[in-house]
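*Asks:* This is what each chain is made of:
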Amino acid sequence: EAGVAQSPRYKIIEKRQSVAFWCNPISGHATLYWYQQILGQGPKLLIQFQNNGVVDDSQLPKDRFSAERLKGVDSTLKIQPAKLEDSAVYLCASSITRTSTDTQYFGPGTRLTVL
Amino acid sequence: DQQVKQNSPSLSVQEGRISILNCDYTNSMFDYFLWYKKYPAEGPTFLISISSIKDKNEDGRFTVFLNKSAKHLSLHIVPSQPGDSAVYFCAAKGGGSNYKLTFGKGTLLTVNP
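Protein chains in written order, with the working numbering: chain A, 42 to 156; chain B, 1101 to 1213.
Just so you know, the hints here were simulated from the structure itself, not pulled from any lab data. Glycine residues also receive a C-beta, built at the ideal position from the N, C-alpha and C atoms. Worth double-checking, as some hints may not be accurate.
Result set (DSS-like, lysine-lysine): computed pairs, CA atoms no more than 25 Å apart in a straight line [stated by the list, open to error]: (1) A:K103 <-> A:K52; (2) B:K1168 <-> B:K1154; (3) B:K1156 <-> A:K124; (4) A:K56 <-> B:K1154; (5) B:K1156 <-> B:K1105; (6) B:K1205 <-> A:K52; (7) B:K1168 <-> B:K1105; (8) A:K85 <-> B:K1205; (9) A:K119 <-> A:K52; (10) B:K1105 <-> B:K1171; (11) B:K1168 <-> A:K85; (12) A:K112 <-> A:K124; (13) A:K124 <-> A:K52; (14) A:K85 <-> B:K1171; (15) B:K1156 <-> B:K1171; (16) A:K112 <-> A:K56; (17) B:K1168 <-> B:K1205; (18) B:K1205 <-> B:K1171.
Partial pick of chain A residues on the chain B-facing surface, computed with a CB cut under 10 Å [said to hold, decoys possible]: (19) G44; (20) S48; (21) K85; (22) Q89; (23) N93; (24) A129; (25) V130; (26) P149.
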């Protein structure tokens, strides 16, 4: 079974530029998550989708971050404009559905460096 | 406000010995706990989980213990192998309808041959 796919793996941009990340979840997984992991910290949830609807985006900086999951499959996360503090690894995860015991499976992440 | 705490940034053990990784939480609404392992340049990989209705769960060399009264869980790896060297994250969920995971900062385990 193919895992969660993410691209690109690495991205370097200058502050105030825009960037987009792509995620393709495990086939059949209805729930998709985007996490931000800053160096030395654990992953922090940015946004959660159930099919193509947003379940939780309470920690998404909506003035600069946006995400969509058209057709309930793959998803894109965009940052515009980027700030220095956005340097982090952006992880995508998926789970079969959204219950207390469902396991989230993570992709390899995209390492973003903002100069 | 850090709801899941891993107070040891790193741990070093000898191959064949036991590794014990600890995790504390503050939110009494958490009812499901997971451990993830992360190698460099890879995403976290699910290792083992435990529900709050249990106090122990075992899977091969990995055992997770939960002490609800102390709001503490631990991961035991016996025997430890060099391939276990990685960052281990404790995560918890519950207390809401979105079932989001709250992670600790991680513990770097190094198993020396």
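*Asks:* Return the numbers of the hints above that this structure violates; sort them in rising order.
*Replies:* 3, 4, 12, 16, 20, 23 and 24
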